[in-house]
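Visitor: Chain A is fixed; fit chain B onto it per the hints.
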Amino acid sequence: MEMTMQAKKQKSARRMRLFKNQIWLQLFAIIGVVFMLLFSIVPMFGIIMAFKNYSINQGIAGIFTSDWVGLKHFKEFFGEQRFPELLRNTLALSTLKLIFSFPMPILLAIMLHEARNMRYKKFVQTVSYFPHFISWIVCYGVVYALASEKVGVLQDMLMKIGLISEPVPFLTSPNWFYGVSVVLSIWKSSGWWAIIFLASISGIDPELYEAAVVDGAGRLKRIRHITLPGIKGSIVTMLIISIGSFLGGGLVGSNFEQSYLFGNALNNSTAELIQTYSFKVGLVHGRFAYATAISLVESCVSLFLILTSNFVAKKTAGSGLF
Amino acid sequence: MKFRTKEDYIVDTVNYILLGIVAIVTIYPFWYVFVLSFNDGYDALVKGIYFWPRKFVLDNYIAFFTDGRWLSAFGVSVVRTVIGGVCTTLFTCMVAYAHSRPNLMFRRFYSLLLIFCMYFSGGLIPFYVTLRSYNLLNKFWVYIIPGLLSYFFVIVARSFFSELPPELMEAAKIDGASDLGIFFRVVLPVSTPLLATMLLFQAVNHWNSWVDSAYYVRDESLRTLSYRMMEVINKSNISDAMAQSSSAMAQMAEANRTTSFSLQCASLVVCIIPILCVYPFLQKHFVQGMMIGAVKG
Numbered sequence: 002m003e004m005t006m007q008a009k010k011q012k013s014a015r016r017m018r019l020f021k022n023q024i025w026l027q028l029f030a031i032i033g034v035v036f037m038l039l040f041s042i043v044p045m046f047g048i049i050m051a052f053k054n055y056s057i058n059q060g061i062a063g064i065f066t067s068d069w070v071g072l073k074h075f076k077e078f079f080g081e082q083r084f085p086e087l088l089r090n091t092l093a094l095s096t097l098k099l100i101f102s103f104p105m106p107i108l109l110a111i112m113l114h115e116a117r118n119m120r121y122k123k124f125v126q127t128v129s130y131f132p133h134f135i136s137w138i139v140c141y142g143v144v145y146a147l148a149s150e151k152v153g154v155l156q157d158m159l160m161k162i163g164l165i166s167e168p169v170p171f172l173t174s175p176n177w178f179y180g181v182s183v184v185l186s187i188w189k190s191s192g193w194w195a196i197i198f199l200a201s202i203s204g205i206d207p208e209l210y211e212a213a214v215v216d217g218a219g220r221l222k223r224i225r226h227i228t229l230p231g232i233k234g235s236i237v238t239m240l241i242i243s244i245g246s247f248l249g250g251g252l253v254g255s256n257f258e259q260s261y262l263f264g265n266a267l268n269n270s271t272a273e274l275i276q277t278y279s280f281k282v283g284l285v286h287g288r289f290a291y292a293t294a295i296s297l298v299e300s301c302v303s304l305f306l307i308l309t310s311n312f313v314a315k316k317t318a319g320s321g322l323f
Numbered sequence: 004m005k006f007r008t009k010e011d012y013i014v015d016t017v018n019y020i021l022l023g024i025v026a027i028v029t030i031y032p033f034w035y036v037f038v039l040s041f042n043d044g045y046d047a048l049v050k051g052i053y054f055w056p057r058k059f060v061l062d063n064y065i066a067f068f069t070d071g072r073w074l075s076a077f078g079v080s081v082v083r084t085v086i087g088g089v090c091t092t093l094f095t096c097m098v099a100y101a102h103s104r105p106n107l108m109f110r111r112f113y114s115l116l117l118i119f120c121m122y123f124s125g126g127l128i129p130f131y132v133t134l135r136s137y138n139l140l141n142k143f144w145v146y147i148i149p150g151l152l153s154y155f156f157v158i159v160a161r162s163f164f165s166e167l168p169p170e171l172m173e174a175a176k177i178d179g180a181s182d183l184g185i186f187f188r189v190v191l192p193v194s195t196p197l198l199a200t201m202l203l204f205q206a207v208n209h210w211n212s213w214v215d216s217a218y219y220v221r222d223e224s225l226r227t228l229s230y231r232m233m234e235v236i237n238k239s240n241i242s243d244a245m246a247q248s249s250s251a252m253a254q255m256a257e258a259n260r261t262t263s264f265s266l267q268c269a270s271l272v273v274c275i276i277p278i279l280c281v282y283p284f285l286q287k288h289f290v291q292g293m294m295i296g297a298v299k300g
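Residue numbers (my numbering), protein chains in the order written: chain A, 2 to 323; chain B, 4 to 300.
Treat the hints loosely; a few may be bogus.
Claimed, not checked - So these bits of chain B aren't anywhere near chain A, every CB distance computed over 12 Å:
| id | residue |
| --- | --- |
| 1 | Y64 |
| 2 | F68 |
| 3 | L74 |
| 4 | S75 |
| 5 | V85 |
| 6 | I86 |
| 7 | V89 |
| 8 | D178 |
Unchecked claim - Label pairs and their in silico Cβ distance ranges:
| id | chain 1 | residue 1 | chain 2 | residue 2 | range |
| --- | --- | --- | --- | --- | --- |
| 9 | B | V82 | A | L88 | 56 to 66 Å |
| 10 | B | I65 | A | L164 | 35 to 45 Å |
| 11 | A | G163 | B | V85 | 26 to 36 Å |
| 12 | B | S181 | A | S203 | 22 to 32 Å |
| 13 | B | W144 | A | K161 | 48 to 58 Å |
| 14 | B | V85 | A | K9 | 49 to 59 Å |
| 15 | A | D68 | B | F123 | 43 to 53 Å |
Read the hints as simulated data drawn from the structure, not as lab findings. Idealized CB from N, CA, C, for every residue including glycine.
Isolated chain A (complex conformation) (with noise of 0.2 Å):
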């Protein structure tokens, strides 16, 4: 008993003088604690107040004090008169940008591996991401420069070569929101997530391809044999990541973001999207518990999306994400 209490004694002992010894390093590392408490983990519990009364007046504390009132934010919101139009965009653009968006990555990583010569496919490669660094509010004054009914030069030549008699309003209608996303959400991110696929390609056996020439396969047959079922595990893969963040626009992303900029009162009625109702709601009319419900159920949405689809994965091609 008294041998079992010193060596007790003795490890504790040890292990404070270790402590000592790292003190800077535990500093670092507690620094780096206390960051996350203040700024990741204390926003969590703010979650609380959607089921709570509660008034940004009461602060920080008032999350906690403030009267519960159960699911009544949810019922309000699922009740609203714009729910079902809230729920129709969300939905909409995010399966648009699954369907359209997500294999061109895919088809530019393929394009780029069969072209030849090296140093067209570097410079077309180069460009081809450039307009992932560039923010959204460039894109979108570049964009309106471009296509803006007044002011686009896209009219302009579009009107040239006969295909429309008058302007557009591709920025200003409800009618164009939806294609207009997709499109740009094409332009800005195909080039960045196409380096993934181009490297899982470069990862395939060369010998495979040479295989398939000495059997006569020609290059479209090589890219439906080899190339595709080379990338499977990758496509599985970034699908698996795109379905996750499904209700933000998938891999090429930025939902929120293109309907806040790219929304405006002629084009609400398609480009207002949950998400930028909730922050309507909380920020502008300072309704923050309502807001936050609204948040939540969309992160509910989310959560279940990636757990199902990563079951559906791991059952059909046999290795999911976790």
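Guide: Frame of chain A, contents of chain B only:
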């Protein structure tokens, strides 16, 4: 040597043309804005400028750099980019260095907390309430402090530091250096490639960010360049569509030959140029950085 079939020629030709279109579609929008920014503002309202300025002037840039509001926004963006880039890089490296030491006590707890914070967040509104209670709203530091620790780069830097040869640190330790001294005098100097990458990425993030300027700041003198631009473009977009533009334009008309639109183009170019300048360096490093991100999910 290799026999090329008819299919090869067709595939190659189509492929090269498509890739060419990709390149043009990517470059041309930026080039067009660049051209307009050097063109006389009123002349630009008449259609027909495609590839080259018709009436070359520098008025748009002169107007940009003499307008107090634009200039102050530009200044705020530059300052936050420099301070934010340096502080985030140093702070993140510091935490990552501690996390990378194999004999660190509570190491598992630290890294679990990190991963938890990386994947879960309270969302925008609770974050806003938190910042408000810390009294950070409407202050310049709201741009810097909440972003000091980049969770993603802690993981990147951690794996970089853990691959440094341990002899390096041991030798310094025998010479009597503390971990603080080792970090600043031994580890950081040998990690310049990592520091450069992180600095560039953080700087680009800071330069581009507008969300915090839109949400957390109301003081006009603290607005960033991106935010100012959004405001101006939004205004002109709406006013165009509502067909009030002619009167708005008339109000804008001044002695110099700029319109709000041509000024906008100049501001876009001012926003793009710094990124274009660091692009070659970014490009050198980011493929690797991105693959780490992909592996870690």
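Visitor: The structure should be examined with respect to each hint, and the outcome stated for every one.
Guide: Against the structure, the hints come out as follows:
Distance check for Y64(B) against chain A: the nearest CB is about 16 Å away, which clears 12 Å, and the non-interface claim stands. Every Cβ of chain A is farther than 12 Å from the Cβ of F68(B); the closest lies at roughly 18 Å, confirming the non-interface assignment. The beta carbon of L74(B) is kept farther than 12 Å from every beta carbon of chain A, the shortest such distance being approximately 18 Å. At roughly 17 Å from the closest C-beta of chain A, the C-beta of S75(B) stays outside 12 Å, upholding its exclusion from the interface.
The claim that V85(B) lies off the interface holds: its Cβ sits roughly 18 Å from the closest Cβ of chain A, which is beyond the 12 Å cut-off. Against the 12 Å criterion, I86(B) stays outside the reach of chain A, whose nearest CB is about 17 Å from its own CB. No Cβ of chain A approaches the Cβ of V89(B) within 12 Å, the least distance being about 17 Å, so the stated non-interface status holds. With a closest Cβ-Cβ approach of about 16 Å to chain A, D178(B) is found to remain outside the 12 Å limit, as its non-interface label requires.
Look at V82(B) against L88(A): about 42 Å separates their beta carbons, and that is not inside 56 to 66 Å. For I65(B) and L164(A), the hinted distance range of 35 to 45 Å is satisfied, since their beta carbons lie about 38 Å from each other. The hint said 26 to 36 Å for the Cβ distance between G163(A) and V85(B), and at roughly 51 Å that hint is violated. Restraint check, S181(B) to S203(A): a C-beta distance of roughly 45 Å breaks the suggested window 22 to 32 Å.
The given range of 48 to 58 Å is respected by W144(B) and K161(A), whose C-beta atoms sit roughly 51 Å from each other. Checked against the given bound of 49 to 59 Å, the beta carbons of V85(B) and K9(A), roughly 52 Å apart, stay inside it. The hint said 43 to 53 Å for the Cβ distance between D68(A) and F123(B), and at roughly 26 Å that hint is violated.
Checked against the numbered hints given earlier, the structure breaks hints 9, 11, 12, 15 and satisfies all the rest.
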